[in-house]
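S.K.: So the sequence lines, in the order shown, correspond to chains A and B. The first sequence begins at 172 in our numbering and counts up one residue at a time. The second sequence begins at 172 in our numbering and counts up one residue at a time.
One thing to keep in mind: the hints can contain errors.
Chain copies aren't distinguished; within one or between two, either way the pair holds.
[As the list claims (entries may be wrong)] The calculated DSS-like cross-link candidates involving lysine-lysine, where the alpha carbons are at most 30 Å apart (straight line), are:
#1 LYS325 - LYS190
#2 LYS269 - LYS178
#3 LYS190 - LYS345
#4 LYS345 - LYS197
#5 LYS178 - LYS238
#6 LYS238 - LYS190
#7 LYS190 - LYS204
These are calculated hints, taken from the structure and not from any lab test.
2 protein chains.
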Amino acid sequence: MPGNILKVDSFLNHQLDIKLLYEAGKEIALRFKGAGITKILTVEASGIALAALCGLVMEVPVVFAKKHQTSNLDADVYSATVESFTHGTTYNIRVSKKYLASNDRVLIVDDFLANGRALLGLTQIVREAGAELAGAAIAIEKGFQGGGDMVRRKGIRVESLVIIDKMDDEGNIKFRD
Amino acid sequence: MPGNILKVDSFLNHQLDIKLLYEAGKEIALRFKGAGITKILTVEASGIALAALCGLVMEVPVVFAKKHQTSNLDADVYSATVESFTHGTTYNIRVSKKYLASNDRVLIVDDFLANGRALLGLTQIVREAGAELAGAAIAIEKGFQGGGDMVRRKGIRVESLVIIDKMDDEGNIKFRD
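Just chain A, with the same shape it has in the complex (with noise of 0.2 Å):
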């Protein structure tokens, strides 16, 4: 689409090819296996049904940043600010302190990663939570738009399934190998 904007509602975003998504939670575990992970992070609302399906086959429960203000959210929370480059936006991210503890062992799971924001937020939350950050698990990387690099320079394990490094207006689409 134009103006670099992957559509992957068909299967990732919008409606959810679940197979797919357990696939894809299967080869996370593989990746993360022996890591000692206790707890799955991600942000509502399109990184929840991958994170489930990792946290089903990892068999850890699955904590979702919220980004919303909701009643029913405690006020104790570890929040962070994420600047959202496809909607022009700045949002919080919140996480009850109750749901991340400093003996947690923590991978962080989206579906996507393109200038490295919502994962910056999230690693900020588990560095509050004095929780110990084992990597980032991610379906669909955007190499070209230098977010998961600028993460992986900061020492942070971060494991894309799929890295794109070249998209144009064309729907031309270069994989990395």
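We have chain A already, so just place chain B on it with the hints.
M.R.: Then chain B, alone, in the frame of chain A:
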């Protein structure tokens, strides 16, 4: 919690107890066995995990209605307006026309049923698509708020795994047998 708020964020709508949700998914699949479901419809954000696990067991794709306008949602959508009693607001839910078709047989899945407004909105979207509604599966129904019975009186099959008939500010909860 005061104000008829049932706190379920330790397992259902912030932290997710994936094993429990998977068992719930299996039970829902059993109840709708033979109903010819081709698609599961839910609404972001807290319905997604349960819907994904139902979709895994039932081997059908999941579509989640969007509550928030995003730049990558198609312009051509089915939509409905929903009044939220919990949050004191009104919002629109939207599903791209590409992901619901007249030959679909749809199971609506959601974490909660209270006043039934979200469920009615989802049934309206199924009707607009010309699809067939097989019914609705709910994790927790607040029976005393009447939404479930209101929807059942319209002839819609509603299967709730847990129905709460009474609760008070002291945390006493009476389940329906």
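S.K.: Take the hints in turn and mark each one as holding or not.
M.R.: Now for the hints, and whether the structure bears them out:
For a Cα distance limit of 30 Å, the shortest separation of LYS325 from LYS190 qualifies neither inside one copy, at 33 Å, nor across copies, at 34 Å. In this assembly of identical chains, the alpha carbons of LYS269 and LYS178 lie at most 30 Å apart only when taken from different copies (13 Å versus 36 Å within one copy). Taking the shortest Cα distances, LYS190 and LYS345 sit within 30 Å of each other inside one copy (24 Å), while across copies they are farther apart (38 Å). Taking the closest pair of Cα atoms, LYS345 and LYS197 come within 30 Å of each other only inside a single copy of the chain (25 Å); across copies the shortest separation is 39 Å, beyond that limit.
For the identical chains of this complex, LYS178 and LYS238 are neighbours both inside a copy (22 Å) and across copies (19 Å), given an alpha-carbon limit of 30 Å. When the C-alpha separation of LYS238 and LYS190 is checked against a cutoff of 30 Å, the pair qualifies both within a copy, at 27 Å, and between copies, at 25 Å. Taking the shortest Cα distances, LYS190 and LYS204 sit within 30 Å of each other both inside one copy (21 Å) and across copies (19 Å).
The structure fails hint 1 only (numbered hints given earlier).
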